[in-house]
Structure formats: structure tokens, C-alpha cells
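2 protein chains.
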Amino acid sequence: MALNTPSLPSAKVIHVDTRGAIILSEESPETRDSRGIYLPNHIEPVSHIAVDVGGSLAKVVYFTRSPDPPSSPSIVATRGTSTASDISSPRSLSPTNDAVSCSSTPSSSKMTGALTPLVLEQPSSPIGNGLNGLTDGLVRDTYLKRSVQHFPGGSLNFERFETDNIQACVEFIQELIQRSAQVNGVTIEEMRKGVKIMATGGGAHKFYELFRDTLGVEVRREDEMECLIEGLKFITLIPDEVYYFSDELIQSVSHPTSSNSNSSVAASYDPSLPPNGRYSSTVTSSASGSSVNPPPLERPSPDPPKYGVTFESNPTPQLPCLLVNIGSGVSLIKVDEDGAFERVSGTSLGGGTLWGLLSLLTPATTFDEMLAFSEGGDNSTVDMLVGDIYGQDYSKLGLKSTMIASTFGKVFKKGGEKGKFSPQDISKSLLYAVSNNIGQIAYMNAEKYNLDRIYFGGCFIRGHAATIATLSYAIRFWSKGTKRALFLRHEGFLGSIGAWIRNIDYEDS
Amino acid sequence: MALNTPSLPSAKVIHVDTRGAIILSEESPETRDSRGIYLPNHIEPVSHIAVDVGGSLAKVVYFTRSPDPPSSPSIVATRGTSTASDISSPRSLSPTNDAVSCSSTPSSSKMTGALTPLVLEQPSSPIGNGLNGLTDGLVRDTYLKRSVQHFPGGSLNFERFETDNIQACVEFIQELIQRSAQVNGVTIEEMRKGVKIMATGGGAHKFYELFRDTLGVEVRREDEMECLIEGLKFITLIPDEVYYFSDELIQSVSHPTSSNSNSSVAASYDPSLPPNGRYSSTVTSSASGSSVNPPPLERPSPDPPKYGVTFESNPTPQLPCLLVNIGSGVSLIKVDEDGAFERVSGTSLGGGTLWGLLSLLTPATTFDEMLAFSEGGDNSTVDMLVGDIYGQDYSKLGLKSTMIASTFGKVFKKGGEKGKFSPQDISKSLLYAVSNNIGQIAYMNAEKYNLDRIYFGGCFIRGHAATIATLSYAIRFWSKGTKRALFLRHEGFLGSIGAWIRNIDYEDS
Numbered sequence: 001m002a003l004n005t006p007s008l009p010s011a012k013v014i015h016v017d018t019r020g021a022i023i024l025s026e027e028s029p030e031t032r033d034s035r036g037i038y039l040p041n042h043i044e045p046v047s048h049i050a051v052d053v054g055g056s057l058a059k060v061v062y063f064t065r066s067p068d069p070p071s072s073p074s075i076v077a078t079r080g081t082s083t084a085s086d087i088s089s090p091r092s093l094s095p096t097n098d099a100v101s102c103s104s105t106p107s108s109s110k111m112t113g114a115l116t117p118l119v120l121e122q123p124s125s126p127i128g129n130g131l132n133g134l135t136d137g138l139v140r141d142t143y144l145k146r147s148v149q150h151f152p153g154g155s156l157n158f159e160r161f162e163t164d165n166i167q168a169c170v171e172f173i174q175e176l177i178q179r180s181a182q183v184n185g186v187t188i189e190e191m192r193k194g195v196k197i198m199a200t201g202g203g204a205h206k207f208y209e210l211f212r213d214t215l216g217v218e219v220r221r222e223d224e225m226e227c228l229i230e231g232l233k234f235i236t237l238i239p240d241e242v243y244y245f246s247d248e249l250i251q252s253v254s255h256p257t258s259s260n261s262n263s264s265v266a267a268s269y270d271p272s273l274p275p276n277g278r279y280s281s282t283v284t285s286s287a288s289g290s291s292v293n294p295p296p297l298e299r300p301s302p303d304p305p306k307y308g309v310t311f312e313s314n315p316t317p318q319l320p321c322l323l324v325n326i327g328s329g330v331s332l333i334k335v336d337e338d339g340a341f342e343r344v345s346g347t348s349l350g351g352g353t354l355w356g357l358l359s360l361l362t363p364a365t366t367f368d369e370m371l372a373f374s375e376g377g378d379n380s381t382v383d384m385l386v387g388d389i390y391g392q393d394y395s396k397l398g399l400k401s402t403m404i405a406s407t408f409g410k411v412f413k414k415g416g417e418k419g420k421f422s423p424q425d426i427s428k429s430l431l432y433a434v435s436n437n438i439g440q441i442a443y444m445n446a447e448k449y450n451l452d453r454i455y456f457g458g459c460f461i462r463g464h465a466a467t468i469a470t471l472s473y474a475i476r477f478w479s480k481g482t483k484r485a486l487f488l489r490h491e492g493f494l495g496s497i498g499a500w501i502r503n504i505d506y507e508d509s
Numbered sequence: 001m002a003l004n005t006p007s008l009p010s011a012k013v014i015h016v017d018t019r020g021a022i023i024l025s026e027e028s029p030e031t032r033d034s035r036g037i038y039l040p041n042h043i044e045p046v047s048h049i050a051v052d053v054g055g056s057l058a059k060v061v062y063f064t065r066s067p068d069p070p071s072s073p074s075i076v077a078t079r080g081t082s083t084a085s086d087i088s089s090p091r092s093l094s095p096t097n098d099a100v101s102c103s104s105t106p107s108s109s110k111m112t113g114a115l116t117p118l119v120l121e122q123p124s125s126p127i128g129n130g131l132n133g134l135t136d137g138l139v140r141d142t143y144l145k146r147s148v149q150h151f152p153g154g155s156l157n158f159e160r161f162e163t164d165n166i167q168a169c170v171e172f173i174q175e176l177i178q179r180s181a182q183v184n185g186v187t188i189e190e191m192r193k194g195v196k197i198m199a200t201g202g203g204a205h206k207f208y209e210l211f212r213d214t215l216g217v218e219v220r221r222e223d224e225m226e227c228l229i230e231g232l233k234f235i236t237l238i239p240d241e242v243y244y245f246s247d248e249l250i251q252s253v254s255h256p257t258s259s260n261s262n263s264s265v266a267a268s269y270d271p272s273l274p275p276n277g278r279y280s281s282t283v284t285s286s287a288s289g290s291s292v293n294p295p296p297l298e299r300p301s302p303d304p305p306k307y308g309v310t311f312e313s314n315p316t317p318q319l320p321c322l323l324v325n326i327g328s329g330v331s332l333i334k335v336d337e338d339g340a341f342e343r344v345s346g347t348s349l350g351g352g353t354l355w356g357l358l359s360l361l362t363p364a365t366t367f368d369e370m371l372a373f374s375e376g377g378d379n380s381t382v383d384m385l386v387g388d389i390y391g392q393d394y395s396k397l398g399l400k401s402t403m404i405a406s407t408f409g410k411v412f413k414k415g416g417e418k419g420k421f422s423p424q425d426i427s428k429s430l431l432y433a434v435s436n437n438i439g440q441i442a443y444m445n446a447e448k449y450n451l452d453r454i455y456f457g458g459c460f461i462r463g464h465a466a467t468i469a470t471l472s473y474a475i476r477f478w479s480k481g482t483k484r485a486l487f488l489r490h491e492g493f494l495g496s497i498g499a500w501i502r503n504i505d506y507e508d509s
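Chains A and B, in that order, are what the protein sequence lines are.
Quick note: the first sequence, position 324, residue 324 per full-length UniProt numbering, numbers continuous.
Quick note: the second sequence, position 477, residue 477 per full-length UniProt numbering, numbers continuous.
Mixed in with the good hints there might be a few duds.
Pairwise CB distance ranges (calculated) [what the hints assert, rightly or not]:
#1 B:GLY481 - A:ASP378: 50 to 56 Å
#2 A:SER380 - B:GLN167: 21 to 27 Å
#3 A:PRO363 - B:THR365: 21 to 27 Å
#4 B:LYS448 - A:LEU210: 43 to 49 Å
#5 B:LYS448 - A:ASP336: 18 to 24 Å
#6 A:LEU210 - B:THR316: 45 to 51 Å
#7 B:ARG212 - A:ASP452: 28 to 34 Å
#8 B:ASP164 - A:ALA340: 50 to 56 Å
#9 A:LYS400 - B:LEU210: 22 to 28 Å
#10 B:GLU337 - A:ASP338: 39 to 45 Å
#11 B:GLU337 - A:GLY391: 48 to 54 Å
#12 B:ARG212 - A:LYS396: 20 to 26 Å
#13 A:SER380 - B:GLN182: 44 to 50 Å
#14 A:GLN167 - B:GLY481: 44 to 50 Å
Within a straight-line C-alpha distance of at most 27 Å, the following computed DSSO-like cross-link-like pairs (lysine-lysine) qualify [said to hold, decoys possible]:
#15 A:LYS483 - B:LYS448
#16 B:LYS396 - A:LYS233
#17 B:LYS400 - A:LYS396
#18 B:LYS196 - A:LYS448
#19 B:LYS400 - A:LYS448
#20 A:LYS480 - B:LYS448
#21 B:LYS400 - A:LYS334
#22 A:LYS400 - B:LYS400
#23 B:LYS400 - A:LYS206
I should point out that these hints are in silico values taken from the structure, not numbers from a laboratory.
What you are looking at is a predicted structure, and each value in this text was computed from that prediction instead of being measured.
Heads up, the beta-carbon is just placed ideally off N, CA and C, and yes, glycines get one too.
Excised from the complex, chain A in its bound form (with noise of 0.2 Å):
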């Protein structure tokens, strides 16, 4: 058929099969929340790319088919004690060592694979093929037997890009087509009939023209809110996704009665290590409906955050819920059991707030310069403490003294000269205070509408330690214990991810 219009048919309703997914290891600290998602069991070919445009960031995910995970760099990384310190430990939770955005345009050495249009995958198609998991030496010849018939696994990936420069996500996705059009040897032509792009977020409408027409491809508006919680509903399927910071202290998690029965951890103190080492754990659990082997779990460092980290490698119902997603602002979604849902609340006090008072408030100049600002910073130097009011404890009314009354309060005291502040205390103050009035606020709504699981998604998260941290303590805190903030390590892909599904889970019309 070649270059000769195929009659397209209309795409099945189909849904992901997630049985066995796995998260694939971490390629740098850039990379720490787009990890891509293995699923090895999913068949159905998936040729559309989901953009998720918001106020500060671009997030793109599109599916590539491959018989087995990606094996460099192995996926035992990703569970095991080398990547524990991934999520875990403080240290490169927020990358010190670079100053690396994280949303800087990704080099093309990371585009692995090709979208596989559905309409070349048709049994009538003489070119079609599951042409996939190509690195770019690799030649498609290699691949031809074995891809004349479907075969199951395939890779969700996950982009950002930042949305001023919305010019890089365009040419991300362009030259993603063209790739895919080669791989598949087809013309781009031929491509673009079979690819489709499911837009969600505010860009979505600003953007619409742009990418309609550059890219030569139907371009589908989705809605933001819907789509944060279709998304939120897969990606909570997959096992180890879903963490939160257990109410044990990591002391005596280092100190565990050991088993090896399901479901148990058993934690060692590996004497390689310096003293303030990291620990390494283990789980046996039945990963249920997963072909793929327990994997170890990791722990965190005995180093702040003080508490340990929990995965939950069995993913449980997760409705009814709350949804805190934090991007530039902030929305509260009440999620009921059915899947029905409000966004109930918000403020306009989120990671855009941050980031602006800190470029402003300091040298740094991307985000994560300022997350690792904050970590070696001591905020009771600009914040005023119940202690620096009272000087004591005010017991009456439970506030300790190293509570904070008001936050940058001593600043204006101290005659509020530039340059008397660290910009490590600062960021340290102005994390905690955005931190701590989120999950004031995401706790208040949990508890109106009598929702004991709270998740938190958004870009403003990052997997930072200090801000997971703030969070988990702020909804502790108010909830007097009766209530979990819950994280997910692709905590600011959900719009896009939830735009990817609706055209899996959705009939085409």
C-alpha cells in the first residue's frame, strides 16, 4: 500500500496491561521521575503521544514496544541497594553535584524506540512490523521475523521540557515521528496518519495550533482534570510506584527481627560502608499477578529524613482519595470511590511560588540548584520560632519552641539587608513554608470530605526529601496521625499519563 492512503480503522477499545510492569532504573539524578514503566505483557500496538502542557512545564509520554525491558542500564538496578539512595537518601534525591534543570531538552541518545501506528500493524499490511527497543546502530533487519507477529512488552517514556521553551518539546515529538517513520519504513506521510497527539493541560488550548500544525497530525484536547485522574489510577497499578514515609524511625528499622516470610523486610547494615552508610533491605513478597521475581525494596539512609521509606510493591485500591497535584499552583481533587470527581480546593501558593521568590531570593538559577540550597540550609535564621517569641516552650497551647511562629519573621527584625541571609537558609524557610501550608491546606479538605488517603503529585515534589518530609509531617501533624500523605515516583507525569490512557481506554469516535 505504500504510499497510497490506508483505510484507517478505527482503534479498538483497548486497555494496558499492566500484570509484571516494572519501573526501569534510574539514568541520572535528571531522570529520577521519568524512569520508564516496562510492560512486559501489554500487546496492543500504541501510536499516539500524550503532551501534557502546564504553567511552567511540558510533559510527553509515548509508548515503544520491545520483547524484553532495556537492558543497559540493568533493570536489577532499579530495585536493588545501588538505587536505594535514588529515592531514598536526601543526598541525590535533590542532585547536589549538578546543576542540571530537570527540564532540559533530553538528547536524543535517550530516544530508544519508535511509535508502532496500529494501521501498520494490520495482518493485511506488507510492511508492517513491531519494529521497537532500536538503539540507533541497530539495524531493523535484524528484528524482521520475529516482529511479523505481535509480541507483548513494550516501554511507557517520560519527557519535560520547560513550557517557555514549548519549541523543544514540538521538534522532541518531530523528530520521535520522523524516527518512527524510518524504523517502521514507512513514509513520514504514512507516519503522521498513524500518529495522533492527545494534548491536556492549559497549553493545550494555547498550544493547539502549534502543534496541529507543525507536526501534521490530528491533535485531540483532553481534559486537565479528568486526565490527572485517569492517570492517577493506572499509575497507581503499578507495583512500587506508590511510597510514603512510614511512621517507624529508620533506628529501628536498622535493627529489625529478621524473616524472610512474605511481605516482611529485613533490613542489614552493610560494614562496607561508613558509618553513616547506607542500610540495604530486602523484601520477599508475592508481587501478585507479576511474573517477574520479589525484588529486593530499598531503605533509606539513617540520615534526615528520619523516617523510612515504604513502597507499596502491592498496589491496593486507591479510591476514595484525595489528589494534591502541585505544579506552579495547586489543586485539591476529591476523588470518590467510583472514580467521580471535584476539584474541591486549591492555592495559588505552589512550586511557581517557590521557584519565583528563590530566583529572586538567590543565585540559583534552575530548581534544583535550590532544593540542594535548602538542604544545607538552618531556617531558625529568618524564621521566628515559638522559642525566639516566648522564650520557652508555649506548653499551654502544645506549640514547642522550635515551632515556627512565623516564617521569615526575623528577617524584617534584622533590618532585612541583602546578602545578611544565606540563600541556603532562605530556601530552606521558603521550602517548609510551601511544604507545610500545602499540606495544612490538603489536610483540612481531606478531612471535610473524610478522605484518609492523600496523594501528592505535581512537578513541585521531585522526590526531594526535605519537601516529602515537610508534607508527610504536615498531614501527620494536623491528622494527629490518622492520615497518610502517599507519593508517586511519576508524580508529575499524571496529566500525561492520564492522557495517554484515555485514548487507550476510550473508544475512538
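On the provided structure of chain A, position chain B as indicated by the hints.
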């Protein structure tokens, strides 16, 4: 008895007689919230001084007797159109024409009265007199005849100092005691025995020794929250103390169906004023228990705030309520109908936060300068609005395009270079953000505890139109118009008034 120790009678349990109370005229924008309150019917002598030392400001309240209200500036000015703008119009709510700090040390010419210790009032005392209302130049003998007997009338006086400069506060009280000794014709030692400091706020503990040792008088410490509530209960009895933004747009107020019936509002346009000039209005109401003629009630200018200010001329029962006290930090106190209370919430994002941030981000050196900046600002240059993200309203969620999606959300996008953003725009954005956030948390607590009246107190408010309008709007927005934000002219003095009242209302132990 002169230098001998007089037998100190224990203080009687007396109550403040608030019948006919009037709020005295404003001497300057600086003293907007520290106008005296004249109590024409109060007879009992009061010689204690109340001090509320907060994180940023120390507030002083004391009583001086005088048979008539201070005549200059005229008390007519308190109520008439000449002060309409003092409370109502944005310009004079936050003085733009001077850079005075509210907390600057008042000149001694402000001190127009003296304390009258009860011990000096004993009929047996040869020196006892009620010498008050004196200006510096008056000779006390002029008043000797009438001072032999008790006479009704006197003023509550209000002063503010920076906590960092607590020495100025101590010196002020020292001078007050010395003057009172002179005026009463007794030695300083005698005077000290009749004077007492009622201290509250965090600094009551921190500066206890300083007050006691420097002043040589008894210092009693009172619980901060109890004083706040006592102060609220008292001050809301004063006619025209409580005010709120009515729900009517000023436009509709300027064309009313005029009448002179009780409690009705008659507004009239003053043709001598420019087109954007001031509307004046009068209210005829029977001031309950007051011997003073019903005063005219002021109306705001038709410029922002767009809502009319309404003063509660007939104080109504104010409990139960939520008291939101905004100082350096914020406390939210639930007060039951019987006066029982509990601090149910708080936030560290308060006045100290705004002062601290703006002192670093703008050239302003005083809070009034910061407020003045905010009036000329346009927050949409720094805030990310819904329209900036969506290019339109997000009408499905009821989010208008002009709504703030992310405070400071444009700053990082624009490169975050200092100096690129005007102090005006920055000030307006952050004032909005802090006020909105407090309003939101206040509403959620009012809803949780089913409280319809929400009083805002504390030095943060400063009668500033934008602050009041934002808090009012936040309550109206979140409560869908079912709850109302109430404000107080002496917003910053609740704690000190309460400490003063506690010695009046309660038997000395």
C-alpha cells in the same frame, strides 16, 4: 502619709462602663488604629498599664481620666466626613504620602493624661485627686476643686513600639509613671506602689525582669490567648469599633432610596468634590445606652475597594465566633458562646512573612511603605493567572482567566532577574497571597466549627484597604457568601486591651 507606706487596699472588682463610649479622632495616619476611646461614664480609677509584647510589636494600653473628651482635634472629626477616608479610602488607609513607621516612638506630646492609682483616690488621702486630661502646660491646681470627688470620664490610650526596641517601650512607661507622680503630687515611690504592669504576649515572659527591675513596679503575667479573647469581648462593645465590607457595591449605595428612619443609610454625593470624590452618608440610629447624639456614618470612595464599609454602631452579641489574630504569625481561635475558647489552628505565613519578604525584595524600609507600594502595583506581571495558562477561563471548573493560578509564577519564567519586577507589583502580589491564604484557612476553620462570624485582629491588617478587601473577598468566595469577615479599628490591641480588662474585671489576688 507622704513617704510612709500607705496601707494598700486590695482593688475592688470593678467593671468598665462602656455606655456612650466614643472612638476619638485620628491624629495622623500613623495613629489610625491607636485612637483613644473615651468612656464618658466610667468612674473607677485605674492605674495599671497593660503591655502585650509580640514577636514584632509591643502594644501598650492605659487609662487617663478627664471630665470631657479631649477637645482637640475635635471629636466631631471622628465621625464626620472628614475622617470617612481614614477608614474607607485606600489612599489614607495606608498613607502614601509619608514613610512613617507605625512603630516609631511616639513623641511625648502624645501623652496628655496621667494614671490615677486607687490608693490616691481614698477619701482619707490628703493628696488624692483625679487630675487628668492635663496637657503639659496646665497647672494642676486649676483642677483641684473638682478632683476631690470622683468624676466620670476618661480615655483608654493606645501606643505601639517595636519589640526589637523594647527599651523605648520601657522608657515610655517610665515617663508615664513619673508624669503621673508629678501630676498627682506624690513621690515616684508612692506612685510605683499604686501602679502595676499587666503583661501578656510572648514577651511577657521574655522581658519580665526588664519591666520589673527597670520600672520598679509589680508585673503580672497574663495568658496571651485569654487576653485576646477578653480584649475581643470588650472592644466589640464599643460602638463603631467593628466594621465590615458590605455586600452592596458602592455604586448601588450612591443611589439609595434615602430616608431618615432608624438605622437606615442615607448617602449623598458631595458636589464640591471631584468626580471621583467622596460620598458622604449619615445614619440615624438609636445608639444603645449612649448619651451621645447618633453620629453620621462614613462611606468609602467609589474607587476600590468596591464594597461599602459598614460600621456596627449598635454592638450585637459577638459570640460564638472565630478570631483570626494576624501578627508576625497567625493564630485561629474558636470562641464558644460562653466565652470558652481554643486555639484550633494557625499558620506561619503572617505579617512577619510579608514584612520579611518585602524588606528583601523592595526598597521599602517600613511596613507602611510596603503597603503604599502595593497600592500602585499590578500583580499580573509577576503572578501567573489562569488566563496565562489556559489562554481563557477554565469555565468547567469555574476558574476565571483573571484568577491567580500561581503567586509569583511568572517570575522564574521571566528569568528571575532582580530589578526586572517593580516593587509595586511584587508588593501587591505578596500582600494578596498572604491575605488570601489566611482568608482561606480562616474560612475552612469557620466552616469546620460552624462559626458565621469571623473577626480579624492583629497588627498585620492596619486598616489597609487591599488587605481588608482581600480577606473579605476570600471569606465571601470560599463561603459562597454565607460567612462574613469582620474587622476592628483597634485590631492590633486585642491582647493589651484584654490584659488591661483582666485587672478591671477580676479581683486582685
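Hint-by-hint comparison with the structure:
A hinted range of 50 to 56 Å for the beta carbons of GLY481 (chain B) and ASP378 (chain A) is inconsistent with their spacing of about 45 Å. At about 25 Å, the CB distance of SER380 (chain A) to GLN167 (chain B) agrees with the hint of 21 to 27 Å. Between PRO363 (chain A) and THR365 (chain B) the CB atoms are about 24 Å apart, so this pair conforms to the stated range of 21 to 27 Å. Between LYS448 (chain B) and LEU210 (chain A) the CB atoms are about 45 Å apart, so this pair conforms to the stated range of 43 to 49 Å.
A beta carbon spacing of about 21 Å between LYS448 (chain B) and ASP336 (chain A) agrees with the range 18 to 24 Å that was offered as a hint. Separation of LEU210 (chain A) from THR316 (chain B) is about 59 Å and departs from the stated range, judged on CB atoms against 45 to 51 Å. The given range of 28 to 34 Å is broken by ARG212 (chain B) and ASP452 (chain A), whose C-beta atoms sit roughly 51 Å from each other. The supplied range of 50 to 56 Å is met by ASP164 (chain B) and ALA340 (chain A), whose beta-carbon atoms lie about 54 Å from each other.
Our hint of 22 to 28 Å for LYS400 (chain A) and LEU210 (chain B) holds, since their Cβ atoms are close to 25 Å apart. Range check, GLU337 (chain B) to ASP338 (chain A): Cβ separation about 41 Å, and the 39 to 45 Å hint holds. At roughly 35 Å, the beta carbons of GLU337 (chain B) and GLY391 (chain A) sit outside the given window of 48 to 54 Å. As the Cβ distance of ARG212 (chain B) to LYS396 (chain A) is approximately 22 Å, the hint placing it in 20 to 26 Å holds.
At about 46 Å, the CB distance of SER380 (chain A) to GLN182 (chain B) agrees with the hint of 44 to 50 Å. In this structure the hint that GLN167 (chain A) and GLY481 (chain B) lie 44 to 50 Å apart at CB holds, the actual value being about 45 Å. The hinted pair formed by LYS483 (chain A) and LYS448 (chain B) meets the criterion: a straight-line CA distance of about 17 Å does not exceed 27 Å. For the proposed pair LYS396 (chain B) and LYS233 (chain A), the alpha carbon gap of about 22 Å is at most 27 Å, so the pair holds.
For the proposed pair LYS400 (chain B) and LYS396 (chain A), the alpha carbon gap of about 44 Å is over 27 Å, so the pair is violated. With a C-alpha separation of about 47 Å, the suggested pair LYS196 (chain B) and LYS448 (chain A) falls outside the 27 Å cut-off, and the hint is violated. The straight-line distance between the Cα atoms of LYS400 (chain B) and LYS448 (chain A) is roughly 25 Å, inside the 27 Å bound, and the hint therefore holds. For the hint linking LYS480 (chain A) to LYS448 (chain B), the alpha-carbon distance of about 16 Å falls within 27 Å, and the restraint holds.
For the proposed pair LYS400 (chain B) and LYS334 (chain A), the alpha carbon gap of about 21 Å is at most 27 Å, so the pair holds. A threshold of 27 Å between alpha carbons decides the hint, and for LYS400 (chain A) with LYS400 (chain B) the separation of about 41 Å lies outside it, so the pair is violated. For the hint linking LYS400 (chain B) to LYS206 (chain A), the alpha-carbon distance of about 16 Å falls within 27 Å, and the restraint holds.
Hints 1, 6, 7, 11, 17, 18, 22 from the list above are not met by this structure, while the remaining hints are.
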